[in-house]
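Residue numbers (the numbering used here), protein chains in the order written: chain A, 6 to 405; chain B, 281 to 1010.
Heads up, none of these hints are tricks.
Not the full set, but computed from the structure, chain A residues with beta-carbon under 7 Å of chain B:
hint	residue
1	Ser39
2	Phe115
3	Phe202
No lab work stands behind these hints: they were computed from the structure.
Glycine residues also receive a C-beta, built at the ideal position from the N, C-alpha and C atoms.
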Amino acid sequence: MSAPAGGARRTFWRRALWGLVWPRRRERIQPTISGVVLIGLSMGIGTAAYNSASNILFIALALLLSCLILSGVLAWLNLRGVDWRLEVKPPLRAGQEAEVSLLLANRKRFLPTYALWFEFAAGPYEKREPSRPESTITAKGIDVWATLSRAEAALSRGTVHLRTRLDPGGSAGLDWAFTPERRGLVRIELRGVGSLFPFGFLRKLTGTEITRDVPVWPAPVEYRRLMGAAPRRPEGDLRRARIGNEGDVIGLRHYATGDSHRLVHWKASARKRRLLIRQFSSQNSDACSIWLRTDAALWRRPEQFEVMVSLAATLAQDLFRAGRLQSTAIDGTRQIPARRLADLESFLDRLAVVAPTQLPGTPPEGEPAPARPRVNVMTFEPEGTRGVAAYVNGSKTAAT
Amino acid sequence: MEARPQRLSLDELHQLRWLIGGALMILSVATVFYLDIDSGIMAAVALAGIAAGLARPRLPARVPAWVHRLAFPAIVLFFAGDLRVTGQLLPAIVRLDLMLLLYRGISYRARRDDLQVVVLGLFLIVVAGVLTVSLLFAAQILVFTACALCLLLVVTIAESTEGGQAPKLAVRGVVPPWAAHADWGRLWARLREVADWRLLASAAGLFGGVVLVSGLLFLAIPRFQLENSLFLERFVTKRAMTGFNDSIKFGDITEITQDDSIAFNVDLSDPSQAPRSPYWRMIVLDQYGNGGFKLSPVLRSELGRERTSANILGVGATGARGLATWTFYVESGVSRYLPLLGNFWALRFREAQNFRYSPDMAIVSLRDEPASMTAFRVEGMSPDSTELHDRQFAAMWRKRGPAGLHVQLGLQLSEADRAALGRIVAGLAVPAGAGAQEFADRAMAWLRRSHRYSLSPRIPDGPGDPLVRWMASGESGHCELFAGALVLMARSAGYPAHVVTGFKGGTWNAYSGNYTIRNSDAHAWTEVWDSGRDAWLREDPLAVSAASELALEKGDAALAGLMDRSWSARLNSLRVFWYRRIVNFDQQSQVDTLRAVRDVTGNSGRWLREATAAAAGRIKAWFRGPWDLARLVRVAGTVLAAVAAGWGISNLRWRIASVGRGGRTDPVRREAGRWLARVDGPQALVADLQRLRYGPAPTWPRPADVFRNARRAASGSRRSRRRAAWQSRP
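Chain A extracted, bound-state conformation:
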């Protein structure tokens, strides 16, 4: 029984000692100017003490060293029992400011927490296998620096300070705002929690490895709506005096400016405490579906592809708002009906990460072709060198 216990004890002490000389990953401790001065003072006084064998100097040295120990203990106590949680408020759109919230809670019983700061970073993220480390011996320094600075430039960094004391048992929230430059999957990371507490001798930074991967929707784009072309009603449909308030009620949507008061569903509005409008089956007669093709042969210019994605996102939102978006599809995937807001958000999430594909968007072998409406399908094609146009039933309906 004693041998395993002795072994465990040895392991514990070995770990503890290694923990002292080999800090945990992403944990940094740097002396500040005060710290450097203190260390210099300690060395000077220590040298003088040994030189003169003066116990007065040994006392001063012992006090300085114990102050350093106290600093470490207080710093540990300060961070102990503090929880943090990262929250991102969707949606995130390219070019628009996004807010990241950090919720803090101090679980200590009577010790408050002071003087923390939090380092955030946000940058594009691709889900892939981790890269194998490669030697940079053969690489030129300038290339390495250029790569590093490119990676750094793609990152948005920010530091937020906890300006007030975090009382025992209390909680606080901190916000960090950043602007994602382009669509895609963004990794928001709480890179570290730093503190100069208590005496400012050491700058301590603890890595947290808390991340959130969030899609960034394409930026809205301005476009021209061409009134000459519009979704066509199916032939043989009934002629109606007023469009939109006949047929079966197929759903409810939020009120939009210009909607008739007659269309308000009062009971549902009262229940939800906001105005809801009845949607009739007849309203779908001028709805359309969006079909996005990402054929790299079609979209040879990346910037034009980006414009196309932005236009598709903008049109999808406008059409949904107007209750005219029937379904969405990308390449050969299945048509997804756009009945609820979640459907639109799902489409925008897919748009956030869509990329040009090398092959035409044909369905994989063995899988049935998606049921695609033959009419009222909005497709996109390049227009000139920069522009993009949207076509419905072969007619141009919108262009950038």
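Use these hints to put chain B onto chain A, whose structure you have.
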């Protein structure tokens, strides 16, 4: 009314920073006053400036801009000039430090300036500590450390409150907002308002931990000494304050006795050897002339060449195991001659010293006046010897005879004075061939008969030597006159003699168990050569005879008469503790301490094991004992009492915690308690009230709603009671 925030605002933090910084500077500057480096005026000016800036934080804004522009060059120029004129590095640096602190005290400080204040202050404190080795240093460094840590903590919190921006230097000539409405009384009230006793207790505990860890580090830091040691004392020249120099004029020693401060403390390893009336010899003065004694060149040459060492091997009783070890702690400014009882076997300093030593005269002279306390240990020193063997003088005496000894027998007196002296000696009626002791006894008896002891002696005016005039008069005199007179009488009778100055007696500190010798114990006496014994006999005309002295009790009996239990003895015991345990702590002490710790740890472990085994045996025996009803009742009663005590302690703890929340219960809890006493339903309301009363604050329901419901419930039950009472009326 809006509640005031329970934390300090940024302005209040800056005010606190200014206040602590000022206190730190005042504490540091005050140390200069007892440094004896002629910087008192500058320190006073610095103190006044810092205090003014502290009292009126708006003041630094009124300092003209040109002062700030010229401050640094002016300070550097002053330092260079100071160094050039005085040629003393350390005092010049201290004055430079004072000027920098003054400047920081009258200008608004950024973070780096606060750091500079800490460093400058620490320099002054440490220099003062090294130079004075005073117990006050311990108190000062502790207070300084506490203040410095508070200052740095406040700076860090202020920086965090400003969003990571270090406190910036204020625009010159503009009063910063925190200084514009600084009110120390209000700040103190706010500090009391936001203070949490648990935090303060934690801070005090942590600081106690710092002191404890410092003590442990002090004990554990490995000690070894480098060569060519650096002494700060080298950069300061100091003069002896007591007057124990190579020459004295009559009255010098008496002047010293007016000073009641401590001259030195002596530890004795074996108090049973403590003499009742020790004579602490410091210097021998053998050349008389012009109304004073001085060290003759002959005797000076006996001191030999200067040596540098930490150990002196003497000619005392070699390997005298039975003799006690004496440890001396001589205060600065006493003398460069070390106090000794006589010859010794070995004298050890804490560190290498430059000294000269005369083994025959048992005199040790340091090269410089010690600027700080000097500690040394003496082994093999006889505590009650009344004679000092001098082989060199004996050889000279045998070789040359009285005719060849011009110094020890020299009388630089006029013929008239010689005649007068001769008449006095003839009046002693010393038989021819009498020994030195007999002559000395007769001479001392005559002196005691003819003169009384007084600290205000009177030497009659007139021609000739003043000492002879005093002897011929019947005036009272002090120890120097008595000792000098005996020397002249002995020399006139053909006995070599000289004056010895030093201290006599002292008190025994009942608390720290050591001799304490004050400057008021300064004394002068005579040593007369006894050719029969080849030794100098100690003769003190103001003391009882040597024979009686030998008969005096020793050890505990002797100490009982010297025992000092006064308050000053209590304070001095602290000083001795400081010297023994801190200042005099060396490598050997470290080894001894570690060995003692190891022994204590080993013993305590063994003791713990034995105690545990014994306790286990007792418990086992108790369980095996016969169990009857009375015993069962006793056990049950004990268990109940323990439970009740536990409940009481937890209740007390809750009450203490409630006291901690500002000396009273939380108002919400108090209000909930009141409603609980008045409301007896419904169940949900009672549960809510109980949660408000006893539950943790984060789980509380909204207090206002609960109290409103409680009010309704209480009024409802009141109405129903009233209705029931009305209905029950006949």
